[in-house]
Each structure stands twice: as structure tokens, then as C-alpha cells.
Amino acid sequence: MNSLFRRYSFSRDLVVFVLLSLTALGLIFLGNDQSQNGAVQAVAVDLMGRLAAPVRDLESLRDLRNENGRLRQENALLLLEQTQLREAGYENSRLRQLLDLSQRLPYDTMPARVLGRNTVGIHTLLISVGRNSGIAPNMPVLSSLGLVGKVLDVGKTSSTVHLLTDRNFRVAVRVQRTRVEGIFQWSEGAGGSLHGVHHRASVAVGDTIVTSGMSSIFPSGLLVGIVEQIDSQESVLFQKIRVQPTMPFDRLEEVTVIRGGWGRLSVDGEEAKR
Amino acid sequence: MRHFLHTVILLLVVALQYTVVDLISIRGAIPNLVLVYLLIIAIRESRMVTTCYGFAVGLLQDFVSSGILGLQALAKTLCGFFAGSLFKSRRVLSSWRPTVALFGLDLLHNLLISAVAGFDPLRNDFLMAFASAFYTAAVGLIALSFLPESLWRHSTAFGEEPY
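Those sequence lines, one after another, are chains L and H. Here the first sequence stands for residues 1 to 274, numbered as in the numbering used here. Here the second sequence stands for residues 1 to 163, numbered as in the numbering used here.
I should point out that these hints are in silico values taken from the structure, not numbers from a laboratory. It is possible that some hints are incorrect.
[To be verified] Which chain L residues stay away from chain H? Per the calculated CB distances, all over 10 Å, these:
#	residue
1	Arg65
2	Thr83
3	Arg94
4	Arg179
[Stated by the list, open to error] Which bits of chain H does chain L cover? Going by a derived footprint, with three or more residues having C-beta under 8 Å, they are:
#	segment
5	41-53
6	101-114
Quick reminder that beta carbons are idealized off the backbone N, C-alpha and C, glycines included.
Just chain H, same shape as in the assembly (with noise of 0.2 Å):
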């Protein structure tokens, strides 16, 4: 059940970052709402399960954006797999943890996507790439801060026992 609540979220971030993130960019740097509830599920999920949601949200993305096909889904694969890591404790004290490993792994995927997708030195991708993070990452605290703190602090809310 708790899998199929995930999917349908991710589907229906997805298609926000594919619509509303646009009107909320600040010179063109944009939030990352698919990093975002990734990072939940990584605080709810076990590692594994964090990593397989994230090669398949990173393929969608790469089918919806007609971009690199895989560019996307190893990006979201390695931040799920590190964000998994991040939060194999399950145990979140506040939500200042979240917001700075958001940062992270933002930055870790922008650069990555820039990377393979070849630098633009007009478009200053660093800068953007860091923007981006530190937007992601001030979406990701007020989610984080204005979401029940039952969603998104203990697995065991689901019933089932993180290892």
C-alpha cells in the first residue's frame, strides 16, 4: 500500500517539477521536488528500496524530458543510495539534517547532469548547480517543516521494521 502511496506522489511531484517549478524558479535556479520526496522516502525506506525509487523516477524523468536517456536515472540512483545511507538510522532529530544532506545531493545530481551533459560555460552551470541546491534545500525545510512529522520521521509508522 505504502508503495503504491509513494508511486502515485513521485508521479504527481514529477509532473509538478515538470510545471509549477518553472513559475517559482528565481533566475533560473529551480527546486528539485523530486529530490525532495526522494529524500523522504529514504527517511521512511530502507536504502535499497530508496535506490530502486530513484532509478525509476530518474528514468521517467529521462522519458519525459527527452534528455540522455539514464542521465537521470543515475543521478537519482546515486542520491537515493547515498540518501538511504544518510538515513539508515531512521532516526531524524530535526530537520536540519535533511535540509543540509538535501543540499548535497542536489548538488551532487546537478553536477552530475552537467557533467555528462557537457558544461555550458555561458549558463555558468557551477553557479546554477549551487543555486539550485540551496533552493532545494529551502523547499526541502519548509516541506519538511510544514508536513506531519509522523510522514517523514519514523519508518515504523508503516509497520514494518526498517533491516
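So here's chain L without its partners, still in its complex pose (with noise of 0.2 Å):
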């Protein structure tokens, strides 16, 4: 009885198999007429558009999260190009002021990159010329907003530079407007000031400092600073004079380095600039 019931049910499926199979090779070979096909056709991909939107609405969130972090990427990306433009553009603006202060300076000078600078013990600078460029202990260095300071030690391709604001460095000066002259001196603290002066010297608040040229070192007429507070007392011989430098000491990233020639500027500046 149960081989009976098996025999027929085999029978039930192959009959149904076949005729399932040879409507779908009628279809093959007959349907595919797509103006037949068609209002079909569109019930079934409409049916599918809707199962499928939830599912596409879920791709496109993963695809809306992957965007968005491609966009943070990019994004971080050019503000990293357009931060290093933006440097690229201050250098150049640095350079050309730097180029157009060799051009105007009747000296022998050689530019350098800023490569450090300790503001532990001794205020130095560590700058990107050396022995090879010609440079020499005790040369000034300047920038295009004045004196910096002098070259201290000489490697082949790099050198320290003793800076303007370390307490030991001094320099001769002048008050521009009077020719009244002084010594400059950085205190911790107080700042760059003017010593030496008489409390009778004229001397104003703004008025222009300048070296003096009275040293071997540097030659005068380099911008020093811009008197800020003057404390003048009649019981006191010296005036103290307060300068406010005119360099940015900690933002410094190119200078120049004056290797000579001021020496016979005095008597011919064309023959010091050959």
C-alpha cells in the first residue's frame, strides 16, 4: 500500500514537474514578446520596487555613512592643502620682503632659514648657513624688521646665532630722530632698554632706535626698536628708557646674514655692494 502511495505520488510529481518545465520552455521559446510581456513585466518590478526600498533605503545610509566620512577625509585633506598654501603664501611674502631688504642693504648678505631656536641659558638661534656660505663669528644678522642679532658659532652648514634678547648681548645705538646714543641691554622681565642715556638727552616716546655703527660688529642705521616708556628724573643721571623691539623674536623663520662690506660703505656705498 505505502509502495502504491509512493509510485503515485513520484508519478504526481514528474507530471506536475514536466508540465511546470514545458510551460516554462513554451515560455521561452514563445513569450518573450515584450508588447505581451509588458503590463506583466511592470506589475512585477513595481512589486519588487517596493520590497526593495527599505533595503535600498538602508544602502544608501551605509552609503550616506560612507560618504560622509569620505568627505571628512577630503574635507581634512584640503584644509591641510589650503593650510599649507596659506604657509606657502606667508613664506612667499617673507622671502620677497627679505629679498627686497638684500636688495636695499648696500652689504654683502646671504639669506638663511631659521632652523630652531633655544630660549633656555643663552637666547640662540640655529640657522641654515654655515662656513660654507662664507659666514663668520660676529657677523649681524637681521631681518626685514631689523636687527636680530650676530652669528656666535660657525658650523660648515649651520650656525648659532646669538640673539637681541639674550641678557648678555649688547649693542651700541642712537635715538634716530637725535642722534642721542646709548647702549642696548635685554633684562629678563623688564624687556629690551636703552642705558647710558643723560636724563637732559632728548628723547621721546616713538622714537626710532638704531645702531650706532660704533663697533666693529654692526654697522649703523639697523632698526633696533621703538621707545615704548621713558622714566626721567632729575635726581637721577640716566634716564630709564623702555624699547619695545621691532622684531617678533619667536615667530622668526628666515633672516639674513650680513657676511661684510660695511666697512667701506662710508666711503664709496657702490664699492661695498660690488
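Two chains, each in its own frame: build the complex with the hints.
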């Protein structure tokens, strides 16, 4: 009985299978007319579209997340690029100023890049030129905004610059307007100050302080700072004059080293330049 | 009720087949999720029912894919019939047998479609058919491992004797 049932069952399944296969084959050979299937196809596609919509939404959510991540990365890169471009712009501007300074100065100059700075102990800068570029100790170093310091030690390709802001650094200066002379010195806490100026000497706030040239190291006329505050008392022999350097020493990136030539400037500026 | 459930699940699986599967394709090889569910139907239902489901879902795919009308229907009818024959006894002792069956069925399915639609020598249809069949078998193994056993081991869970 069981065997009979199974045989019947198999025959029934086989008949269904054959019928459905024949239908499918019939569709393959006869039913591929788009004009007839168009309506059914439209319904099927519509049904699938409705079912697939939530999945697509999830997919687009994932895409959005990916795109968001990609855009964030792109944004970071663009910001970096923008910063680099701005940096290049500023550098260009500074180098133009330095070039302009080198062209204006009647000295033999050498541009240099600031490689590092030391503000512990002796205030110094490390610059990118050395003996190979003709640099020697005690050569004046300046930027487009004025005097920076002087060369302290020289290596083959780099040098150390003794900064104006070091308390051991002194330079002979004069008030540009009245030609009053003094010594510029930096002291921790008080900043730059002008020493040795008699209390009756004519100095005013806002006066420009330049190097006096009364030394074998610095030529005259290099900008040092601006008089910021004056404390003059009859009972005290010398005035207390605070000078604000024109240089942002903590932001120096390029400097110029004067290699020589100012000794002959007084005789013939053109010769010195040559 | 269970036929309604099978129909709804099959529709969803077809929708998944046309949306998500592309995202998990490996070098063009894609798993056939419809065949995986057809195999589950084969385990749970009779051969005739599986054959009918195969035809119906294949025809739906034909309409949705805008390919050769009847081709998927023929391939799925064949797969449904063979799957139904393989699991006629409804006793699946492990998930390995359905996995091997899935590999064979998908290979048959892919080769039949390639044969009728025309082999593309540039696409290396044979290799792709094997790769897709392997992928389908792997997905089937994972699906059968994660689905509750009661869902795919015995058809009597639905309260119906197989024959």
C-alpha cells in the first residue's frame, strides 16, 4: 500500500514537474514578446521595487555613512592643503621682504632659514648657513624688521645666532631723531632698555632706535626698536628708557646674515655693494 | 498559513537578491539566496510543492530581471524538483547534506542559464558558475547553522505529514 502511494506520489510530482518545465520552455520559445509581457513585467517590477525600497534605503544609509566618512577625509585633506598654501603664501611674502631688504642693503648678504631656537640659558637661533656659505662669527644677523643678533658659532652648514633678546647681548645704538647714543640691553622681565642716556638728553616715546655703528660688528642704521616708555628724574643721572623691539623674535623663520662690506660703505657705498 | 509565509519570505529573498547580493559579490561571484530558501522549502515541504515554488519564483525573477522569459522558471523548476527529491524523506541529519545539495543545485542552475543564454567566453562562465555555487553553498551553510533547527529539520513542525 505504501509502495503504491509512493509510486502515485512520484508520478504526480513528475507530471507537475514536466508540465511546469514545458510551460517554462514554452515561455522561452514563445513568450518573449515584450508587447505582451509588458503589463505583467511592470507589475512584477513594481512589486519588487516596493519590496526592495526599504533595503535600498538601508543601502543608501550605508552609502551616506561611507560618503560622510569620505567627505570628512577629503575635508581634512583640503584643510591641510589650504593651510599649506597659506603657509606658502606667507613664506613667499616673507621671502619677498627679505629679498627686498637684501637688495636695499648696500652689504654682502646671505639669506638663511631658521632651523631652531633656544630660549633656555643663552637665547640663540640655529640657522641654515655656515662656513661653506662664507659665514663667520660676529657677523650681524637681521630680518626685514630689524636687527636679530650676531653669529656666535659657525659650523659647516649651520650657525648659531646670539639673539638681541639675550641678557648678555649689548649693542651700541642711537636715537635716530636726536642722535643721542646709548647701549641697548635686554633684561629678563623688563624687556629691552636703553642705558647710558643722560637725563637731559632728548628722547621721546615713539622714537626709533637704530645701531650707531660705534663697533666693529654692527653697521650703523640697523633698526633695533621703538621707545616705549621713559622714566626721567632730575635726581637720577640716567633715564630709564624701555625699548620695544620691532622684531617678533618668537616667530622668526628667515633671516639675513651680513657677510661684510660696511667698513667701506662710508667711503663708497657702491664699492661695498660690489 | 505556511504557504503565505513561504510566499512572503520568497518575495523578500528575491528583493534581497536584487539589492543586497551585489554588495557581497566576490569578483563577480554572487550567492543565490533564492535557491537557499528553495532548499529550505524542499526540506520542509513535498517535492511537488517545492517544484511549484521553484517555477513561481523563477517566473517572478524572469519578469523582474527582464531576461529571457521562462529561463529562470525552468532552472528553478528543475532545482525545486531535484531538491524535493533529495530531501524526500525529510530527515536531515546534518547541515552538510543540504550544503552539498546547494552546491550541486546552484551549479546546475548556473550552467543551465549560461547554456541557454549563451556562454560568454570572456566572462569565463564555467568558473563563475563554480564560484557562485561554492558561494551559495557557503551562505547556505551559514544560514542553516544560524536558523533555528525547528525551521528546517522536520516538516512535521507545520503539522503536516509529508506524503
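Results of checking the hints against the structure:
1. Arg65: holds, 14 Å
2. Thr83: Correct as stated: the minimum Cβ-Cβ distance to chain H is 37 Å, above 10 Å.
3. Arg94: Answer for Arg94/L: holds, closest chain H Cβ roughly 52 Å.
4. Arg179: Correct as stated: the minimum Cβ-Cβ distance to chain H is 83 Å, above 10 Å.
5. 41-53: holds (count 5)
6. 101-114: violated (count 0)
In summary, the structure is inconsistent with hint 6 from the numbered list given earlier, while agreeing with all the others.
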